[in-house]
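Visitor: So the sequence lines, in the order shown, correspond to chains S, D, L and Z. Here my numbering is used: position 98 in the first sequence is 98, and no number is missing along the way. Here my numbering is used: position 94 in the second sequence is 94, and no number is missing along the way. Here my numbering is used: position 93 in the third sequence is 93, and no number is missing along the way. Here my numbering is used: position 12 in the fourth sequence is 12, and no number is missing along the way.
One or more of the hints may lead you astray.
[Stated by the list, open to error] In silico lysine-lysine, DSS-like type, Cα no more than 27 Å apart, as pairs:
(1) S:Lys2 x D:Lys84
(2) S:Lys82 x D:Lys2
(3) L:Lys2 x Z:Lys2
(4) Z:Lys2 x Z:Lys84
(5) Z:Lys2 x L:Lys84
(6) S:Lys2 x D:Lys82
(7) S:Lys84 x D:Lys2
[Stated by the list, open to error] Label pairs and their computed distance ranges (CB to CB):
(8) D:Lys84 x L:Glu32: 50 to 60 Å
(9) S:Glu7 x L:Ser20: 37 to 47 Å
(10) L:Pro79 x D:Gly108: 21 to 31 Å
Because the hints were derived from the structure by calculation, they are not lab data. Quick reminder that beta carbons are idealized off the backbone N, C-alpha and C, glycines included.
There are 4 protein chains.
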Amino acid sequence: MKNPFAELVGFALQMGRRGSGACTTTLDVRPELLNPNGVVHGGALFAMADTAMGAALHTTLSQGEYCATVEIKIHFLQPVTKGKLRCRTRLVHRGSRIAVLESHISVGRLQVAQALGTFAIFAPRPQKTSAVAGAKRRRLSQ
Amino acid sequence: MKNPFAELVGFALQMGRRGSGACTTTLDVRPELLNPNGVVHGGALFAMADTAMGAALHTTLSQGEYCATVEIKIHFLQPVTKGKLRCRTRLVHRGSRIAVLESHISVGRLQVAQALGTFAIFAPRPQKTSAVAGAKRRRLSQ
Amino acid sequence: MKNPFAELVGFALQMGRRGSGACTTTLDVRPELLNPNGVVHGGALFAMADTAMGAALHTTLSQGEYCATVEIKIHFLQPVTKGKLRCRTRLVHRGSRIAVLESHISVGRLQVAQALGTFAIFAPRPQKTSAVAGAKRRRLSQ
Amino acid sequence: MKNPFAELVGFALQMGRRGSGACTTTLDVRPELLNPNGVVHGGALFAMADTAMGAALHTTLSQGEYCATVEIKIHFLQPVTKGKLRCRTRLVHRGSRIAVLESHISVGRLQVAQALGTFAIFAPRPQKTSAVAGAKRRRLSQ
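The shape of chain S in the complex, shown without the other chains (with noise of 0.2 Å):
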């Protein structure tokens, strides 16, 4: 699966196993990741969570489903200047057609950032959509 914007910020991609909902991504510190402030711009943090969450969702779908982000919240603890950055996914709710994942980036001991967020989970088929939009319905109407 081919991530070009993954190559040009230059992280590296560990799935985990089937069904584990989670990921970890790891990217070492070099000249192009800084900002004006000499410090990792937080658009190389935010991608790392971003792939993260979206590749640790991947190992919980069914043959057909796909998934999008619709929305990350990422806080920045902590300038980073040099190192490997190493960004730890997992999976805090999966419903049928909503996930909420949460990433924390580390260098080292120490966290530098953390971030919480939403994917959609698209279902192609209209007989099987039908069906988990029923499942979903029955569980939120418990």
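Based on the hints, put chains D, L and Z in the right spot on chain S.
Guide: Only chains D, L and Z this time, still in chain S's reference frame:
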């Protein structure tokens, strides 16, 4: 003011006039900005908004003040596959130490993303506060 | 449509006209709404925005559709100790299954809070749901 | 420390020990907390998290310091119609002027909501800073 990551992603910055709290960034979609679904990666849109918010706030900073992103939430409203992205940013609230900014990203007339973020403003003062700022930097760089 | 919590907090709702995606809620500050610092509790402001977003989106729902809050982020810009709170809400984006809304809360001319949220839209009828999902897929895959 | 709005909503607060950065709030679901769909209103869940975050941060404040909510994002994962809500809050990051906290709200073993928020910390100092804090208060109370 060199911004290596902005150059890597490829967006241009038009800062608002002094005190305006405004900034516009533009980015021409190109293949390296796409994700595996063939649409512009959220990280590229986020980078435009983050940089634009910092630049918009910068138009309101006094001599010696500087700012840093605390958190940003971005919503992706429409997938983008081509065209020129335009990110318009404005200051929502300017406190003495905290500012809130919002960005609207569009392609032509179609809005494709919206972001709302918080920035911290630091005002190093001659003696005492430069010491405080120093302590802050040490803590931040641990 | 009875809303016990809205009655407990005490805000009034003025829904926009059918299809407007707009709603305004108002709330007179009274002692029970204050936090330990003597300012209106964030939960009261959040409740106004959450209810107003749901009502604003409701003006755009088709027969049988209903909606639920997915997430909302609210920024507190100024403390409020007295006066009439007014929350103006508008639809930012209306997809077939996801909507984004924003609220501005003010007292007189002073903006005191701003919220940006995501809602999910559910369309009960199977055959309709699959048709809607199909339309969504086409739009997303453009 | 009187909290009229917390009393109105009806939740109880168990603050963590000094320095823990932790707090738990609990709330028994009752009819006045419901929204028109018959589930607990998001404003009640938000109020629990907002108060708990402030109280958790308070366990880390020095003499004379105080804090205020900057922004909070809350995700609603499951509808709640009855039972005892428990909101567990922890400090994610404590800077000198900014703190990040997260809350997990559950009913029994089921997580129903998650929040991630930013707080500002104010440290009035004898002369100069109390003047600054005074200016801040004046600005905030305009």
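Visitor: Decide, hint by hint, whether the structure agrees.
Guide: Here's how the hints hold up against the structure:
1. S:Lys2 x D:Lys84: It holds: about 23 Å lies between the C-alpha atoms, which stays within 27 Å.
2. S:Lys82 x D:Lys2: holds (18 Å)
3. L:Lys2 x Z:Lys2: Outside the cut-off at roughly 30 Å; violated.
4. Z:Lys2 x Z:Lys84: holds (23 Å)
5. Z:Lys2 x L:Lys84: Holds - the C-alpha atoms of Lys84 (chain L) and Lys2 (chain Z) are around 23 Å apart, at most 27 Å.
6. S:Lys2 x D:Lys82: This hinted pair holds, its Cα atoms lying about 18 Å apart.
7. S:Lys84 x D:Lys2: holds (23 Å)
8. D:Lys84 x L:Glu32: 50 to 60 Å: holds (52 Å)
9. S:Glu7 x L:Ser20: 37 to 47 Å: holds (45 Å)
10. L:Pro79 x D:Gly108: 21 to 31 Å: Violated, since Pro79 (chain L) and Gly108 (chain D) (Cβ atoms, about 41 Å apart) do not stay within the stated range.
Consistency note: the structure conflicts with the earlier hints numbered 3 and 10.
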